[in-house]
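Peer 1: As a plain string of letters, each chain reads:
There are 2 protein chains.
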Amino acid sequence: MTDTAPRQRSGGRDARRAARLHAVVEREPFLTRTMAPFEVLGEEGLAIIEHNADTILEEVGLEFRGDPGALELLKNAGADVTGERVRFPRGLARQLVQATAPRQFTQYARNEANNVEIGGMHTVLAPNYGSPFVRDLDNGRRYGTIEDFRNLVKLTYMSPHLHHSGGTVCEPVDVPVNKRHLDMVYSHIRYSDKPFMGSVTAPERARDTVEMARIAFGADYLETHPVILSLINANSPLVWDATMLGAARAYAEANQATLLTPFILAGAMAPVTAAGVCAQTLAEAMGGMAFVQLVRPGAPVVLGSFASSISMQSGAPTFGTPEPALVLYVMAALARRLGVPFRSGGNLCASKIPDAQAAYESAATFGPTILAGVNFVLHAAGWLEGGLTVGYEKFILDADQCGMAAVFVKGVDMTENGQALDAMLANPPGQHHLGSAHTLANFESAFYRSETADNNSFEQWLEDGGLDAAQRANAIWKRMLNEYEAPPIDAGIDDALGEFIAKRKASMPDSEV
Amino acid sequence: MTDTAPRQRSGGRDARRAARLHAVVEREPFLTRTMAPFEVLGEEGLAIIEHNADTILEEVGLEFRGDPGALELLKNAGADVTGERVRFPRGLARQLVQATAPRQFTQYARNEANNVEIGGMHTVLAPNYGSPFVRDLDNGRRYGTIEDFRNLVKLTYMSPHLHHSGGTVCEPVDVPVNKRHLDMVYSHIRYSDKPFMGSVTAPERARDTVEMARIAFGADYLETHPVILSLINANSPLVWDATMLGAARAYAEANQATLLTPFILAGAMAPVTAAGVCAQTLAEAMGGMAFVQLVRPGAPVVLGSFASSISMQSGAPTFGTPEPALVLYVMAALARRLGVPFRSGGNLCASKIPDAQAAYESAATFGPTILAGVNFVLHAAGWLEGGLTVGYEKFILDADQCGMAAVFVKGVDMTENGQALDAMLANPPGQHHLGSAHTLANFESAFYRSETADNNSFEQWLEDGGLDAAQRANAIWKRMLNEYEAPPIDAGIDDALGEFIAKRKASMPDSEV
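One line per chain: the protein sequences are A and B, in this order.
The working numbering applies: residue 1 is where the first sequence begins, and numbers increase by one.
The working numbering applies: residue 1 is where the second sequence begins, and numbers increase by one.
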C-alpha cells in the first residue's frame, strides 16, 4: 500500500480552508499506547481456550448459510462440508487467517491527516453504531432521523478525541431501509473527512458503498487502499448468515476491511462462562476471517468481540459488569496471539439516561478497552440503553473520556523536565510549587482539561445553576453544531456522488426491509 | 502474631445472634487478586524515580517539625540533622524501612471473620474519610453530625462489598472537636465489628483511641495484634509536622498500624509532572516510615499516596484525570519494590452530586486502584466534591462498584465447568443456550448482579418512575438503615467504653480545636 493522496486533495482555496480548519480541530489521528496490555490469563489458560476453539471448529463446526460460494471456497481449502455445516480440521482456520491476513493495516481517510493505523500498539476510537433511537435533554427519546445522523457525524468530525466517523451512528428511520445506506455513506463522506464504515444490511448495499468510495477516492486508489471498514456480525452461536457473508465478500473483493464480530450475550448465544464465551468467539471469528481470506487473500480483517451478560431479572443485556471485562482482556490476548487486529469495547451501558449508572457502566467497559489494547473501538461515544439509543449528551461525556485515554496511554514523561528533579532540589520543605519556574513552564499543558467536568467550588457551581454533567454536555453539543463547518470537498466528486445516489434511489421503490 | 480471638467472642446468645447476622451479611473479608498488577513504567524508569527520591532525601531532606524526639531518633540512626531539617544519606531511609517493616500484616477486627490482610495480593476497601459535609437527595448538602457518622458506620457494616469500617467517615460537626474522636471510635466499635481507624488530630486523641481499643480487645491482645490503622498525612512538600508525628508515635508505641501518606496536589505541593510527584511522594513516605520503624521496629506501616492535579481555571483539585492514574500505578510499583503495603485510590471525584461526572471520575481512579493492586483503599465509597462532602447515594453506588471489583479480581474460571466445552459441543449452530443444562446449572451465580443498575426495558423503567441511579440508591440506603441490627458486644466492654468516654469528656472543657 502506498501513501498516495486520494484525488480530492486538490490544493488551492479548498486546501487553504482545510489547513485553517485543521489547525482549529487539533488532534492526534489515533492513540499509540506506550504500555503493555493488562493480562488476566496466563499462557496456559490462553492455550486451553485456543484448543477448545479448535475443538468446536472440528467437532461441531460453523454453519455458513445461504451462500453456496462460501461453502465451495471452504471445501476447496480443506474444510469438511456437509450441507451448510463446515467443520475445520484442527488448526485449519488459524492457518488460513495467519497465512494472509495483515497484522496491521492503514485505513485511509478523505483527509490523509486522518488516516488511521488499525492493529499493533494503536487504538482507533469510533462513535456509537446501530441505535434506532436518539435522546437529548430537550426532546427526550425518539426515533433517529437523517438529521440526527448528520449531527452525529458532524460532532464526531469536530471531536478531537474521536478518530473515525463510524458507520450507522444512528438509524435514520425517516429514510426507507433500502435507500438509507446511500444517505448515510454520503453523510460520512460529505460532513466529515475522517475514515468511515460501510453498509452491511445487504450485499448490494455493500457494493453501493464501494461504488461511492470509488467516486470519492478513485477506483484505482481503492484497489490498494482500504478506505471502508465494515461490521460483519456472526449470528451466534456458530452461524454466519447469507447477508453478512455477502457483504463481507463485497468488501473483501474490493480489498476493503471488515470486522468479523461474534455478538454474544452470555447465557443466550453462548454458555454463561467467560472461558466458554472466549472459545466460541474465537472459533466463530476465525471461521469468518478464514472465509474473507479465501475470498481475497490479504484483505484486511479485524477479530471482533462483542460480549455481555444478561440480567437474571429481566433477561435484558447488562453492561459494565465484571464478566464481560474479563472476556475483553482474554479476547485481546487471543487476537494478539493469532496476529490480527482486535475490535471490542466502547462506552457501553444499560442505563436509559446519562446518569451515574451510565457512567459507571461505560467506564467499566472503556477502561478495559484501553488497557487491553483494543485496536478498533466502536461505540466509544454516545451509547445508551444497551445500544437501543444514542444520546447527544452521552456522546459529549464519552468523548471527554476518550480524550483522557489519549493522555493516559502516553504514559509517564521521563524526560529531564518530566522528572522535575531540579525543581524539587530548588524547593525547600514547606514551600509550595505554585509559583516555581518549573510549574509556570509546564502548567498550561500539565493536566488534561476536562470539557465536561465542573471543578469549581460548591458555591460557584451553585451560582452557575447547580447543573449536572448532562446539562453541561447539552450546552456543549449545541455550541459545536452551531460552530460546525464542513470540510472541503471537490465539487466534481460531490456532484458525482449526488448523481449516483439519485440514480440508485430512482432504480427501486421504497422498501422497509 | 497469633490468631487468638479477642475477648468479646464470648459464645452463648450473642454468638448465636452473630452467626445468624453474619449468615445474612455474607461477604469475603477482603479481595485477593489473581492477576499481576498493571504497569505503566518499566524497571529503568522506576529505578530513576527511586534514585531521585534518594537525591531529594540526601540533598534537601525532610523537616520533622516540633518533635525533638523524632530528630534524636533519626540522628542516632545516621541521618544528618540540622535544626529540624533531616537529610538522609543515600539509601538510609530505604534501609530503615526494609530492615523491620512487615511486607504484609493482619489488622484484627472485633469479629475475627472480618480480620483483613493488608499487603501482598490483597485489597481492603474502606469508606470515605474526612468530609465536613454530608449530602443526600432529601436534605441536600449540610454539615455532618454524629448521627450521620453512625449511619455511615452502619451502612459500611452492612455492605458486603466494604471490608473496613474506616475512620472519620464524616466529621461529626455537632460534637466538640476535642471530644468527637471518642464518639467516633466508639461508633466504629459499637455499631460495626469490622476493623477501624483511629484519631490523628492530636497525640492524646491517638492515645485515647489506643485506650479504647485496649478496653475492647484487651491490653495484652493489642500488644501483639494491630487492631487500629491510622492515617498520618505528610504536610507536603517535605514536612512531617508535630501533630502527625505525635499521633504516629502513639500508635507505633502500641504496635498499631499507620498509613504514611503524602497528600499532593501536583503543581501546589509538588511539581506538576507525574515522575516528580512520584519521587517526592516516595521520599516523604520513606522518611515517615523510617521514623515509625525507629519508634518501634516492626510496627506495621503502609506507604500511602494521595495525588491529584488542580484545575487551571479554579485552582481547585480535579479528580478522574489521567495524570493521577499514572502516579497511582507508579507508586504501587514503587511500594512493591520497597516491600511495604500500599494505600491509594478510591472512588474519588470533584463532582458535587452523584451524576455522570461523579461516576466517570470515580471509575477513573477506582479502576487503577484495583488494577494497580492497591492494598488499602480509603474513600472507596461516598466521596464527593474533592472530599468536602460524603454522599449517602454516592456511597451506595460506589459500594456496588466495589462488589464488581471483587468478582473481577478472581479472574477467569478455567475449571471444566468454566471452560464449558461439553456444553458447546452439545449445542448445534443456531440453537440458543438459554435452556441448556450448563446454563441452568450456572445461571444463578454466573453474573454479578448490580444492586443499583436498572436493566429493565425502557418501557418498564419508565413505568417504574424513570428514576436515575441516585434516586434508586436513595431507596437502598434508607432500607438498609431500616433493617440495621447492631453486632453483638459484651455488655461489660460496652459499659467500660462508656465510662472511659464519660471520664475523658468530663476531664476537659469543650474546644473547637
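The hints are simulated quantities; they were obtained by calculation from the structure and are not laboratory data.
Among the hints, erroneous ones may be present.
Label-pair restraints from in silico Cβ distances [what the hints assert, rightly or not]:
id	chain 1	residue 1	chain 2	residue 2	range
1	B	Q431	A	P132	41 to 51 Å
2	B	Q313	A	T34	36 to 46 Å
3	A	G466	B	L434	20 to 30 Å
4	B	R90	A	S445	24 to 34 Å
5	B	P428	A	P132	26 to 36 Å
6	B	V513	A	G315	41 to 51 Å
7	A	T145	B	V407	21 to 31 Å
These stretches of chain B come out as covered by chain A in the derived footprint (C-beta under 8 Å, 3 or more residues) [to be verified]:
id	segment
8	157 to 163
9	168 to 182
10	349 to 359
Listed next, the stretches of chain A that the computed footprint assigns to chain B, with coverage defined by at least 3 CB atoms under 8 Å from CB atoms of chain B [to be verified]:
id	segment
11	104 to 112
12	192 to 198
Quick reminder that beta carbons are idealized off the backbone N, C-alpha and C, glycines included.
Peer 1: Each hint: holds or not?
Peer 2: Each hint tested on the structure:
1. Q431/B - P132/A: 41 to 51 Å: violated, 27 Å
2. Q313/B - T34/A: 36 to 46 Å: Hint violated: Cβ distance 29 Å, outside 36 to 46 Å.
3. G466/A - L434/B: 20 to 30 Å: The hinted range 20 to 30 Å is violated for G466/A and L434/B, with Cβ atoms some 46 Å apart.
4. R90/B - S445/A: 24 to 34 Å: Because 33 Å falls inside the window, the suggested range holds.
5. P428/B - P132/A: 26 to 36 Å: holds, 31 Å
6. V513/B - G315/A: 41 to 51 Å: At roughly 59 Å between Cβ atoms, G315/A and V513/B fall outside 41 to 51 Å, so the hint is violated.
7. T145/A - V407/B: 21 to 31 Å: The hint (21 to 31 Å, Cβ to Cβ) is violated, given that T145/A and V407/B are roughly 40 Å apart.
8. 157 to 163: violated (count 0)
9. 168 to 182: The restraint on the segment 168 to 182 of chain B is violated, since only 0 of its residues have a Cβ under 8 Å from chain A and three are required.
10. 349 to 359: Since 10 is at least three, the answer is holds.
11. 104 to 112: Three-residue rule not met by the segment 104 to 112 of chain A, so violated; n is 0.
12. 192 to 198: violated (count 0)
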